[in-house]
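Those protein sequence lines, which keep their order, are chains L and H.
So the first sequence is residues 1 to 274, counted in the working numbering.
So the second sequence is residues 1001 to 1308, counted in the working numbering.
The set of hints was computed from the structure by calculation and includes no laboratory data.
Quick reminder that beta carbons are idealized off the backbone N, C-alpha and C, glycines included.
Don't take every hint at face value.
Stated by the list, open to error - These stretches of chain L come out as covered by chain H in the derived footprint (C-beta under 8 Å, 3 or more residues):
#, region
1, 66 to 80
2, 103 to 109
3, 216 to 222
To be verified - Restraint-style ranges between C-beta atoms, simulated for each label pair:
#, chain 1, residue 1, chain 2, residue 2, range
4, L, 183, H, 1117, 32 to 42 Å
5, H, 1274, L, 68, 27 to 37 Å
6, H, 1167, L, 104, 33 to 43 Å
7, L, 183, H, 1044, 49 to 59 Å
8, L, 163, H, 1032, 19 to 29 Å
9, L, 68, H, 1097, 17 to 27 Å
10, H, 1274, L, 219, 19 to 29 Å
11, L, 24, H, 1173, 12 to 22 Å
12, L, 217, H, 1154, 20 to 30 Å
13, L, 48, H, 1093, 23 to 33 Å
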Amino acid sequence: MKTPSIFKAVNGLGLLLLFIIFAMPFVWMASTAFKTLGETLTFPPVWIPETLQWENFTQAWNSGPFLKYFFNSVIVTLFILILQFATIIPAAYAFARYNFPLKNFFFALTMICLMIPSQLIFLPVYLNLSSWGILDTIWGLILPFVTSAFGIFLLRQSFMQVPEELLEAARLDDATEWQIIRKIMLPLAKPVLVTLALFSFIAHWNDYFWPLVMTTTDTARTLPLGIAMLRQVEGGASWNIVMAGNLLLVLPILVIFFFAQRHIIRAFVYTGVK
Amino acid sequence: MALIKASMGMERRAERRSLVSWANVRPYAMISPAIVVFCLFFIYPIGYMIYLSFHDWNFVSPTKEFVGTANFTHLLSDRDFREVIVNSFIYTFASVFLTISISLMLALWLNRRGAIYSFMQASIFSPHIISLVSVSMLWMWIMDADYGLLNWALNLIGIESIPWLTSPDYALASLILVAVWKGIGFNTLVFIAGLQSIPKDLYEAAELDQTPPWRRFLRLTVPMLSPTLFFLTIIGLINSFQVFETINLMTAGGPINSTNTFVYYIYQNGFQFFKIGYASAAGVILLVILSVLTVIYFKVLSKRVHYR
């Protein structure tokens, strides 16, 4: 069936409009990041700055201890990622493959924690961290997230799909449980592991809420907080500096998205469908 | 006889030993790191929050005074809190309704093969993986009343500038707009995945029966998509009730309390006014709302929503 050209034209126009709605804000961000302060205050706006103001980036970076923020972000994200795998893998394996008293109770507990958002419990956790003396340290940002109910749930499902015969055969060959996990389970669960890693990385690299609540000084602040504070440091109207800082925060994620697009979309959508 | 008894004793001893053997302890050892974290950072805080909601405490005083349900009665008679509830419900239902209906239409449109369509899918998805800090900053600048891109575009088509974030009439709607912009991509792609999981032969059968397209949509696509629709709605409601970042960064609950919502209200009372018991009571009410949504979710999930 041939589509009429009028339909094609409308369709193309619609796609273009949709693209503008979603891409224009990012173009605007990049454009603003290279402007002088004066160029941000023109109306109608200038799209291409006369000279590219690379200084905006250094000014944003130097307006606070950004190297510190950056390292805090890296350390927090990395620790969470590593520790999550260290706790999720054994727990998921036990829930998927062993029968033991109170198993259902502990699994129900995990499922309840899956539904408890940090936005609900930040106040009591804040009070606890404060009484344990780890408020305003990177441990306060790491410890609550060293395991993930969501991760256990997802990985358990994938572990349960491995046929029992495979494990029996391995046990007959005197494989230890650890070898079974490492040589059979993890390779088969690789897509889920990639999903979880991407998911966790993006969530904690971007996180603003938890570091905002749990830090009071620069010692443990992370990159998103630093960027958010640019507005106070530089004054509300220095949009060129704020957008330059913003670009520094967004660019790594967009670059990763560009290269691992398929993986990331599948990760999010797959977990959405489940 | 003695031999049998002896062997039975041995068996029993072996059994007893196996009760405490590594194989029996191992599952607990494997789940314990996770369970300890859950108890310390999820279960215990929930209990502590409920405990605090019946007390009066300002964070510095050494004693927590038991006040019964005073915090709750106080909350419910508080005009600010009533506004918070209304704002939260408007924000939640408006953003979920708009996001889901637009996403469904986009999914039906963009569910096609070809480079341009995969590119469009990726483009509309990109805001989903961007930090809410960036999204908030970017949209504050776009919604700037004097030099913002949005008012410029409106002026181009002959509409007066709108004070997006600085007027109590528009601020909540502006935040909903941002939520929709950020959420559409994810919802659309989940819908597309749902559409692609509908067996092709059902459509072929409908085509053979010469079912008109709109009927095919209502009788086939919508029912087959209902689990996805249900999932996205509930997850959307649960997430929107917890909105905080955009509010904190873009409006700080204002102007005149017009964008104050649940989590921001808890944050304000806890961290700015140090009314710990009061904030905890608001937290308990949020807990009840989220629990109801979660229970509905699992109830319906166990019944299954689709017609397969």
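I want to verify a distance hint. Is the separation of the beta carbons of residue 1274/H and residue 68/L within 27 to 37 Å?
29 Å, holds
Would you check chain H against the region 103 to 109 of chain L, counting CB to CB pairs closer than 8 Å, and say if three or more residues qualify?
holds (count 3)
Just tell me: holds or violated, for the beta carbon distance of residue 1167/H and residue 104/L against 33 to 43 Å?
53 Å, violated
Between residue 217/L and residue 1154/H, does the beta-carbon spacing fit 20 to 30 Å?
42 Å, violated
Given the hint of 23 to 33 Å, check if residue 48/L and residue 1093/H actually sit that far apart at their C-beta atoms.
Given a distance of about 41 Å, which is not inside 23 to 33 Å, the answer is violated.
Satisfaction of the hinted span 17 to 27 Å by the C-beta atoms belonging to residue 68/L and residue 1097/H
43 Å, violated
Status of the given 49 to 59 Å range, CB of residue 1044/H versus CB of residue 183/L:
38 Å, violated
Take the C-beta atom of residue 163/L and the C-beta atom of residue 1032/H, compute their distance, and say whether it sits inside 19 to 29 Å.
At roughly 28 Å between Cβ atoms, residue 1032/H and residue 163/L fall inside 19 to 29 Å, so the hint holds.
Residue 1117/H and residue 183/L - C-beta distance against the hinted 32 to 42 Å:
Since the Cβ atoms of residue 183/L and residue 1117/H sit about 40 Å apart, the hinted range of 32 to 42 Å holds.
Can the region 216 to 222 of chain L be counted as covered by chain H under the rule of three residues or more with Cβ-Cβ separation shorter than 8 Å?
violated (count 0)
Three-residue Cβ test at 8 Å for the coverage of the region 66 to 80 of chain L by chain H:
violated (count 0)
Do the Cβ positions of residue 1274/H and residue 219/L conform to the proposed distance bound of 19 to 29 Å?
Holds, since residue 1274/H and residue 219/L (Cβ atoms, about 23 Å apart) stay within the stated range.
Of the numbered hints stated above, those contradicted by the structure are hints 1, 3, 6, 7, 9, 12 and 13, listed in ascending order.
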